[in-house]
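J.: Sequence:
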Amino acid sequence: MPKFMDVHSGFVGATEEQLRAAHERDLAIEEAEGVHFERAWLDPDSGKVFCLSSGPSKEAVLRVHEKAGHPTTEIYELPIEVE
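Counting from 1175, one number per residue, gives the positions in the sequence shown under the working numbering.
A few of these clues could be false.
[Stated by the list, open to error] Mimicking BS3-like on lysine-lysine, the simulated pairs with C-alpha atoms at most 30 Å apart in a straight line are: (1) K1177 <-> K1241; (2) K1222 <-> K1177; (3) K1222 <-> K1241; (4) K1222 <-> K1232; (5) K1177 <-> K1232.
Hints were generated in silico from the structure; no laboratory data involved.
Take the sequences, apply the hints, and build the full model.
T.: The following block contains the structure:
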């Protein structure tokens, strides 16, 4: 299944608890779109949040974020991975 990284802005000063709450909103509704949000990272100084997910399409990932209340327009498919 394709993997995606999306970037959210506007989280300056956000806390770990706020990030966890936003991530849990995604998890609560992800199944309806066939998406799984694997992890989220926060840089509270820049206000950026980064989310790693897998799913059928960018559009499916974006729909989950929109329904969860934190839409984004910045999403990247990750077709190449190394460990």
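J.: When you check the alpha-carbon spacing of K1177 and K1232, does it fall within 30 Å?
T.: Holds - the C-alpha atoms of K1232 and K1177 are around 9 Å apart, at most 30 Å.
J.: CA of K1222 to CA of K1241, is that 30 Å or under?
T.: holds (19 Å)
J.: Measure nothing beyond the straight line between the CA atoms of K1222 and K1177; if it is 30 Å or shorter, mark the hint as holding.
T.: The given pair, whose Cα atoms are some 19 Å apart, holds under the 30 Å limit.
J.: CA of K1177 to CA of K1241, is that 30 Å or under?
T.: holds (20 Å)
J.: For the pair supplied as a hint, K1222 and K1232, confirm whether the alpha-carbon distance does not exceed 30 Å.
T.: Satisfied, since the Cα-Cα distance of roughly 19 Å is no more than 30 Å.
Consistency note: the structure conflicts with none of the earlier hints.
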